[in-house]
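Engineer: The lines below spell out each chain.
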Amino acid sequence: MGKISNQAVLQKLSNSFGEKISVPAEPYGLLTFETTKEDIQDILKFLKEDKELQFIFLTDITAIHYPENSLPIVVVYHLHSFVNNVRVRIKVSLPDLNPTIPTATTLWEGANWMERETFDFFGINFEGHPNLVRILNVDDMTAFPMRKEFPLEDPNRVDKKDFFFGR
Amino acid sequence: MNQPAIIENLDRKETTTLNLGPTHPATHGVFQNVLEMDGEKIISGVSTIGYIHRAFEKIAEHRPYYQITPLTDRLNYCSSPINNMGWHMTVEKMLGIQMPKRVDYMRVIVMELARIADHLICNGILGVDTGAYTGFLYLMEQREHIYEIYEEICGARLTTNIGRIGGFERDFNDIAFQKIRKFTKDYAVALKEFQNLFDRNRIFMDRTVGVAPVTTETALNYSWTGLILRATGLDYDVRVNEPYSSYEDFDFDVPVGTTGDVYDRYILRNEEMWQSLRIIEQALDKIEKEPKGVFHANVPEIYLPPKEEVYNNMEALIYHFKIVMGEVDVPKAEVYHCVEGANGELGFYLISDGGRAPYRLHFRRPSFINYQMYAPMSRGMLLSDAIINMSSLNVIAGELDA
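First to last, the sequence lines map onto chains A and B. Count the first sequence with this note's numbering and you get residues 1 to 167, in order. Count the second sequence with this note's numbering and you get residues 1 to 402, in order.
Looking at chain A on its own, in the form it has when it is part of the complex:
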């Protein structure tokens, strides 16, 4: 669909970053790879400023929680190159306890609220963020509700339990 193939994007990244780009895959045609928090800012900057790739658009920042992994918190970036009409997804795995990652607000102003939302729900500390406070939840909340251990409802409630099909 894009004017530049996923392989070409990956090749260009590998030339510049080599081993720092790991586990490349193409689920449903969207180039996905993993990196580390030490390199994420450089890679984002490279993708944004490269004359050929031009991933100038930050589509989204979010996170996923895999409690059974050794690095359970995964931050996910979606970038988009309008010129080439191709997207890329970057993942960074972080530890459970006090996860930190450099901010992307230095590259995109729009990352501000996306990171605040991610902090709000997953407790990820974006270093260098100008105003990292809760955005959708109440300010005095202590938990990070999108983590898997946080229950959807009060676990002591029995009136909504479905004993046959388990919910």
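These aren't lab readings, by the way, just hints derived from the structure by calculation. Check each hint, because a few of them may be wrong.
[Said to hold, decoys possible] Here are the computed lysine-lysine pairs in the DSSO-like style, where the Cα-Cα straight-line distance is at most 30 Å:
{"#": "1", "chain 1": "A", "residue 1": "Lys3", "chain 2": "B", "residue 2": "Lys101"}
{"#": "2", "chain 1": "A", "residue 1": "Lys91", "chain 2": "B", "residue 2": "Lys322"}
{"#": "3", "chain 1": "A", "residue 1": "Lys91", "chain 2": "B", "residue 2": "Lys101"}
{"#": "4", "chain 1": "A", "residue 1": "Lys148", "chain 2": "A", "residue 2": "Lys20"}
{"#": "5", "chain 1": "A", "residue 1": "Lys3", "chain 2": "B", "residue 2": "Lys307"}
{"#": "6", "chain 1": "B", "residue 1": "Lys332", "chain 2": "A", "residue 2": "Lys12"}
{"#": "7", "chain 1": "A", "residue 1": "Lys12", "chain 2": "B", "residue 2": "Lys101"}
{"#": "8", "chain 1": "A", "residue 1": "Lys48", "chain 2": "B", "residue 2": "Lys93"}
{"#": "9", "chain 1": "A", "residue 1": "Lys148", "chain 2": "B", "residue 2": "Lys322"}
{"#": "10", "chain 1": "B", "residue 1": "Lys93", "chain 2": "A", "residue 2": "Lys148"}
{"#": "11", "chain 1": "B", "residue 1": "Lys101", "chain 2": "A", "residue 2": "Lys37"}
{"#": "12", "chain 1": "A", "residue 1": "Lys148", "chain 2": "B", "residue 2": "Lys58"}
Chain A is fixed; fit chain B onto it per the hints.
Structural biologist: Frame of chain A, contents of chain B only:
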């Protein structure tokens, strides 16, 4: 010597703190902005959001796929069908299901009707905020006709839950087709009338031209998408860049603006409504050429069978039971699918671990991302300009807060 103690206070400017919202009638939703005002000018503002946060992403992790559709209704409730279709298509993309062309065209009709409904409210409200109520009422009458079409198709009006994963729950009936055809004719007249009232209206132009202009660079920096990005002059439209639901079969224009001000956005919304009408008319013609009565894909394992079959047919009963209990086989997958919502790129980032509910579902909500520029761009603006700027950004509280 006596030093006048208060002399330094004489030219000190007094500022006022103004709470705009959360329930101010001019904000059309629960938005709070704490503004620091110097007279009528805004010095700085802080947006507080989250008043109607309903934890949809968390709830979605506990619901089978088909039960998530009603959650998407409540994101952008002015154009629920686009959200519904976007969600259906995300799941279909994950499952690798190809829709028959006729279903695609039916979806296009519903989505474009929703786009019209959304844009007409926004432009109508813009009229109200600039002091002209008449246009709003003219267009509101037309939205009623769109809702009647929804009602004919799915039975609901506002939060539609329209369609199913795998197609539609029923075919459009003859009355629905008649109503759509009638609507395309009537709406052209109404929109023309509305435009005659506003497009070259001196008062309206004085209030909107040059208000809150945005450059393409700034818009991209803030990750704007949709109409407000196109108003700055960049022609990014998901329907064209990554066509879904057979949009590539249609002949339509993507209007772009130049300055990105409120007037540009207003003009663009009208133009998009004309384009939507064009698409609907083409879709109606295309549907006639497709085999009649096809309204879903042939996927019994995810599409609910008709009730008669459930009562008389073993397989249908099994499928019915499995689907209703959410025990549909899904692959382990990671999908990002986006549609052109009324406000911008509405994305669904879905991660499945093969279970009955998504492992993680993230909505890329255009209103949330577009709105964060509101407080910075209001600096130095008159309060009355900031109000119409908010109207023309078309931020919907439900989509903002998820």
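Engineer: Could you run down the list of hints and mark each one as holding or not?
Structural biologist: Status of each hint after checking the structure:
1. A/Lys3 with B/Lys101: holds (26 Å)
2. A/Lys91 with B/Lys322: violated (34 Å)
3. A/Lys91 with B/Lys101: violated (36 Å)
4. A/Lys148 with A/Lys20: Holds. Lysine 148 of chain A to lysine 20 of chain A sits at ~29 Å (cutoff 30 Å).
5. A/Lys3 with B/Lys307: violated (47 Å)
6. B/Lys332 with A/Lys12: Answer holds: lysine 332 of chain B to lysine 12 of chain A is near 29 Å, not above 30 Å.
7. A/Lys12 with B/Lys101: violated (38 Å)
8. A/Lys48 with B/Lys93: Satisfied, since the Cα-Cα distance of roughly 28 Å is no more than 30 Å.
9. A/Lys148 with B/Lys322: holds (26 Å)
10. B/Lys93 with A/Lys148: holds (26 Å)
11. B/Lys101 with A/Lys37: Violated, at roughly 45 Å.
12. A/Lys148 with B/Lys58: Holds: lysine 148 of chain A and lysine 58 of chain B sit about 9 Å apart, inside 30 Å.
Comparing the model with each numbered hint stated earlier shows that hints 2, 3, 5, 7 and 11 do not hold.
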